[in-house]
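Can you build the whole structure from these sequences, using the hints too?
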Amino acid sequence: MSDLPPDLVEDILSRVPATSLKRLRFTCKQWNSLFKNRRFTEKHFCKAPKQSHVLLWKDYTVCPMSINLNFSGSSIEFKSVLSLKDSHYNSEQVYIAKVFHYDGLLLCTTKDHRLLVWNPCLGETRWINFENDYKPYSRFSLGYKNNKSCRSYKILRFWTSYLTPNHIGLRYNIYEFTTDSWRVLIDKVSLNYFLIESENGVSFKGNTYWLALDEETNFLLGFDFTMERFKRLCLPSNKNCDTMVLSVVREEKLSVSHQNFCSSKMDIWMTNRIDSETAMSWKKYFSVEFKILSMCHSLPFCNSFLIDEEKKIVISTVRGNENMVNIIGAYNAYYADVPVESTNWPCSPYFVSYVPSLVQIQQCKSKENNKTSLEM
Numbered sequence: 001m002s003d004l005p006p007d008l009v010e011d012i013l014s015r016v017p018a019t020s021l022k023r024l025r026f027t028c029k030q031w032n033s034l035f036k037n038r039r040f041t042e043k044h045f046c047k048a049p050k051q052s053h054v055l056l057w058k059d060y061t062v063c064p065m066s067i068n069l070n071f072s073g074s075s076i077e078f079k080s081v082l083s084l085k086d087s088h089y090n091s092e093q094v095y096i097a098k099v100f101h102y103d104g105l106l107l108c109t110t111k112d113h114r115l116l117v118w119n120p121c122l123g124e125t126r127w128i129n130f131e132n133d134y135k136p137y138s139r140f141s142l143g144y145k146n147n148k149s150c151r152s153y154k155i156l157r158f159w160t161s162y163l164t165p166n167h168i169g170l171r172y173n174i175y176e177f178t179t180d181s182w183r184v185l186i187d188k189v190s191l192n193y194f195l196i197e198s199e200n201g202v203s204f205k206g207n208t209y210w211l212a213l214d215e216e217t218n219f220l221l222g223f224d225f226t227m228e229r230f231k232r233l234c235l236p237s238n239k240n241c242d243t244m245v246l247s248v249v250r251e252e253k254l255s256v257s258h259q260n261f262c263s264s265k266m267d268i269w270m271t272n273r274i275d276s277e278t279a280m281s282w283k284k285y286f287s288v289e290f291k292i293l294s295m296c297h298s299l300p301f302c303n304s305f306l307i308d309e310e311k312k313i314v315i316s317t318v319r320g321n322e323n324m325v326n327i328i329g330a331y332n333a334y335y336a337d338v339p340v341e342s343t344n345w346p347c348s349p350y351f352v353s354y355v356p357s358l359v360q361i362q363q364c365k366s367k368e369n370n371k372t373s374l375e376m
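For the sequence shown, position 79 (counting from the first letter as 1) is numbered 79 according to the UniProt record's numbering, and the numbering increases by one without interruption.
Treat the hints with caution; some may be incorrect.
[To be verified] Taking lysine-lysine and the BS3-like style, the derived pairs with C-alpha atoms no more than 27 angstroms apart in a straight line are: (1) Lys85 with Lys205; (2) Lys231 with Lys145; (3) Lys43 with Lys145; (4) Lys50 with Lys291; (5) Lys312 with Lys79; (6) Lys284 with Lys265; (7) Lys205 with Lys312; (8) Lys312 with Lys231; (9) Lys291 with Lys311; (10) Lys291 with Lys205; (11) Lys50 with Lys111; (12) Lys253 with Lys312; (13) Lys50 with Lys311; (14) Lys29 with Lys98; (15) Lys43 with Lys253; (16) Lys29 with Lys58; (17) Lys111 with Lys47; (18) Lys145 with Lys98; (19) Lys43 with Lys22; (20) Lys145 with Lys253; (21) Lys58 with Lys231; (22) Lys265 with Lys311; (23) Lys253 with Lys284; (24) Lys265 with Lys231; (25) Lys58 with Lys111; (26) Lys22 with Lys50; (27) Lys283 with Lys312; (28) Lys58 with Lys85; (29) Lys291 with Lys47; (30) Lys79 with Lys29; (31) Lys111 with Lys43.
[Claimed, not checked] Distance windows between CB atoms, simulated: (32) Tyr137 with Asp11: 46 to 56 angstroms; (33) Glu92 with Lys265: 39 to 49 angstroms; (34) Glu289 with Arg229: 34 to 44 angstroms; (35) Asp308 with Ser80: 21 to 31 angstroms; (36) Asn32 with Lys311: 18 to 28 angstroms; (37) Cys150 with Ser20: 16 to 26 angstroms; (38) Lys79 with Asn147: 17 to 27 angstroms.
Hints listed in this document are in silico derivations from the structure and should not be mistaken for laboratory results. This one's a predicted model, so the numbers in the text were calculated from it and none came from an experiment. Using N, Cα and C, we set each Cβ at its ideal position, and we do this for glycine too.
Structure follows, in structure tokens:
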């Protein structure tokens with residue numbers, strides 16, 4: 001390829017999956033320099049095929065999974081836990097309490113109440129400073145301000161507190177990577193709704209969404225990282241007696257599962273756009289039916305899920321008498337279930353749909369760049 005024009009070489013490489021490019025980083029100094037160029041990483045993110053990997057969080061670790069789907073029998077293989085070491089603490093293992101994914105970056109809350117941004121594909125990490133202001137019930141998410149030239153990533157932190165004995169307030173801050181500091185947005189806003197406790201939230205097209213409810217309905221709560229404010233959007237069903245879970249399909253579509261508390265049937269809805277400030281166009285994609293193994297088993301409920309669009313299959317973590325990974329297809333095809341051993345009761349294991357990318361973690365100039373090693 002040395003005889004090809006540089007622009008053509010760049011265009012070819014921008015269409016190669018991130019996991020393949022990672023192996024080429026140190027074969028050529030010119031390519032290694034190119035892969036660090038922010039303009040190229042933006043181009044690669046837009047043009048390269050999205051290769052989705054399945055990660056399973058359980059027992060304060062993140063474990064890659066291999067899932068084989070076929071008519072003769074589906075299988076699941078749990079691979080070795082991803083090793084994440086902290087160079088500031090004698091290279092000790094980092095234990096992850098929660099993990100949030102977007103654009104190939106993992107936003108991790110650790111068991112000892114620290115915050116970390118991690119790109120497993122590149123082996124880059126950055127610890128986020130709390131300035132001694134950690135709140136034990138804080139929620140975090142990752143998104144970006146959509147500039148014309150590049151994506152400006154930000155972290156949202158928010159938590160609730162009582163304004164009075166009968167009124168709950170919301171406080172939230174934004175973390176800026178360039179200044180390594182938190183910026184207060186609004187302090188103590190009165191709430192008339194609640195976020196579902198088990199809901200981690202998902203990011204879609206730069207913004208983050210959670211399931212929420214008030215006294216009457218379920219709804220979708222979104223945070224716009226460009227406007228830096230919350231907004232309320234509709235769901236396919238708004239009944240408080242139902243259970244729903246959010247997921248993202250290849251970072252291109254937003255999906256929600258819907259299951260009535262009295263039924264083993266689960267509907268899958270999807271959308272790829274937000275029509276207006278408050279409206280979304282949902283389309284029912286297919287339905288699946290959980291199997292109840294015996295009368296002594298409780299009705300299973302989905303905790304997290306991923307979708308194979310082409311085969312119309314749901315791979316889900318399920319809460320019931322025991323933690324399970326279910327593979328269920330439309331019309332009851334491809335059914336399989338695999339027990340998941342977990343010692344971290346009552347926190348159930350859940351999936352993270354991870355799409356490797358060359359997105360570099362923006363480092364503050366005064367901070368040293370930390371590295372970890374990872375093989376996917």
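- Message: Check the structure against each numbered hint from earlier and tell me which ones fail, lowest number first.
- Response: Going through the list in order, the structure violates hints 1, 4, 8, 10, 11, 14, 16, 17, 21, 24, 29, 30, 31, 36, 38 and respects the others.
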